[in-house]
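Asker: Here's the letter readout for the chains.
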Amino acid sequence: MSLSRRDFLKFGSATAAGVAVAGEALDLAPVEAAATSLKIKEAKAVRSVCPYCAVGCGQLIYAKDGKIIDIEGDPDTPHTLGRLCPKGAATIQLSNNPLRPTKALYRAPGSDTWEEKPLDWMYDQIARRYYDAREKHFIEKEKNKDGLAVTVNRLDAIASLGSACADNEECYLLSKLNRTFGIVYHEHQARV
Amino acid sequence: MARTLAMFTDTSLCIGCRACQVACKQWNELGLELPEWTGTYQNHTHFTDKTFRLVRFIEEPKPSGDLAWLLMSDVCKHCADAGCLNACPTGAIYRTQFGTVNINQDVCNGCRYCVSACPFGVVSFNENTGTAKKCTFCNDRIHNGLGPACAKACPTESIQFGFRDELVGRAQKRVETLKAMGFKDAQLYGADSSGFLGGLNAFFLLLSKPSTYGLPENPKLPQKNIFVDSLLSIGSALLVGIGALVAFRQRGTGGEA
Chain Z
1 MSLSRRDFLK
11 FGSATAAGVA
21 VAGEALDLAP
31 VEAAATSLKI
41 KEAKAVRSVC
51 PYCAVGCGQL
61 IYAKDGKIID
71 IEGDPDTPHT
81 LGRLCPKGAA
91 TIQLSNNPLR
101 PTKALYRAPG
111 SDTWEEKPLD
121 WMYDQIARRY
131 YDAREKHFIE
141 KEKNKDGLAV
151 TVNRLDAIAS
161 LGSACADNEE
171 CYLLSKLNRT
181 FGIVYHEHQA
191 RV
Chain H
1001 MARTLAMFTD
1011 TSLCIGCRAC
1021 QVACKQWNEL
1031 GLELPEWTGT
1041 YQNHTHFTDK
1051 TFRLVRFIEE
1061 PKPSGDLAWL
1071 LMSDVCKHCA
1081 DAGCLNACPT
1091 GAIYRTQFGT
1101 VNINQDVCNG
1111 CRYCVSACPF
1121 GVVSFNENTG
1131 TAKKCTFCND
1141 RIHNGLGPAC
1151 AKACPTESIQ
1161 FGFRDELVGR
1171 AQKRVETLKA
1181 MGFKDAQLYG
1191 ADSSGFLGGL
1201 NAFFLLLSKP
1211 STYGLPENPK
1221 LPQKNIFVDS
1231 LLSIGSALLV
1241 GIGALVAFRQ
1251 RGTGGEA
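Going down the list, the sequences are from chains Z and H.
Take the first sequence: its position 140, counting from 1, is numbered 140 in this note's numbering, and each next residue is one higher.
Take the second sequence: its position 15, counting from 1, is numbered 1015 in this note's numbering, and each next residue is one higher.
If you're looking for bench data, these hints aren't it; they were derived computationally from the structure.
Wrong hints could be hidden among the right ones.
What the hints assert, rightly or not - Label-pair distances were calculated between CB atoms; the ranges are:
| no. | chain 1 | residue 1 | chain 2 | residue 2 | range |
| --- | --- | --- | --- | --- | --- |
| 1 | Z | PRO118 | H | THR1038 | 43 to 49 Å |
| 2 | Z | ASP167 | H | LYS1224 | 57 to 63 Å |
| 3 | H | PHE1163 | Z | ALA104 | 49 to 55 Å |
| 4 | H | CYS1111 | Z | TRP114 | 43 to 49 Å |
| 5 | Z | ILE68 | H | THR1038 | 31 to 37 Å |
| 6 | Z | LEU9 | H | ASN1086 | 37 to 43 Å |
| 7 | Z | VAL55 | H | GLU1059 | 28 to 34 Å |
| 8 | H | GLU1036 | Z | ALA133 | 56 to 62 Å |
| 9 | Z | LEU105 | H | ASP1140 | 37 to 43 Å |
| 10 | Z | ASP167 | H | GLY1169 | 43 to 49 Å |
| 11 | H | ASN1126 | Z | LEU38 | 20 to 26 Å |
All of these numbers come straight from a predicted model, not from anything done at the bench.
Using N, Cα and C, we set each Cβ at its ideal position, and we do this for glycine too.
Only chain Z is shown next, with the shape it has when bound in the complex (with noise of 0.2 Å):
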């Protein structure tokens, strides 16, 4: 292709002015925004429970491709008002953390090692251990202070202390549980 000087000095001053007027009128910011993409952007949000303390902040899980992304207080909780204490603030940590433990381990009695053993295992043990303290324990009638004896059903043998991450539903089956057992001492970390 050639190029005369006088074409050259044409299309350069033409495409200086267009330079110059778009510079006056070109504004970044709208390109700024679109540029910063938020993470949870196309997330799922669901309401929570902060599973720690009794004060049961609302907490906003955001979930992206069945993995969670994100959690936050949740501003339409009408005591906290989207606010969250260090540990709730740390809540994702109970999902998304490389340091959990992802295998079962078992240390023997007297042991002073860990052994991974498969779940299956864990939970036969778990269910011959409930019943054998049962069987051995277990009381069914007890005389009273006038040398009556009265039917109590109860089991000391066993404790059980449940957890602040339970849910309702969990804390539910775990009472119905224990009560079945006849398992008296039944508390929780929180009223620790």
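We have chain Z; now place chain H onto it with these hints.
Answerer: Chain H only, in chain Z's frame:
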């Protein structure tokens, strides 16, 4: 340019819970740093590439013999006259439409001029990415209509986020209230836009003098020293040159005698 956004940290309300610190780490996915025991509740000791928010725990002896426990949630100040921004040779550090100072991680070449140019020791270098890191005021959040994660998490509203002009008015009223309550050293740090560094976009209400909190009383940009320092260098070079000439001449005359 949109109205300047700012963060007002009222240290008189801070309870030192560090929710801001955790919320910052959580949102920005900054990762773990091992804590170190320094004799106070403060962790960590300084800003790093993984710690953009830092609650300082300061014990100050009172005239009565008691200790005052001063808590302060420290953060990048997003100065109106920012040392890091002035020092950046690649243009990676820029001022956003809201007046905050941000680092474009794709452009940063990791020269670390900004690290030494910051009068508050905020900007830090990340060895993994090879770029400089600092608080962005949650750039992604404020561009999408949300406040920064730290301000949202703060349970006592010690950290307030909003338009700068509104916040300065609120802060001045709060200082008057505190002074009436007997906190005679209550003062604002960086709220005055005619003051040092053209005012800080993250300004503070302090209950004691700034040096107690480890803040410079009158921060200056290192760049301001360049002119005087270069004159001094030239002057000392001249002096050394003259001295050398004189020294050689004496030796020359001594040899001839």
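Asker: Provide an ascending list of the numbers of those earlier hints which the structure does not satisfy.
Answerer: 8
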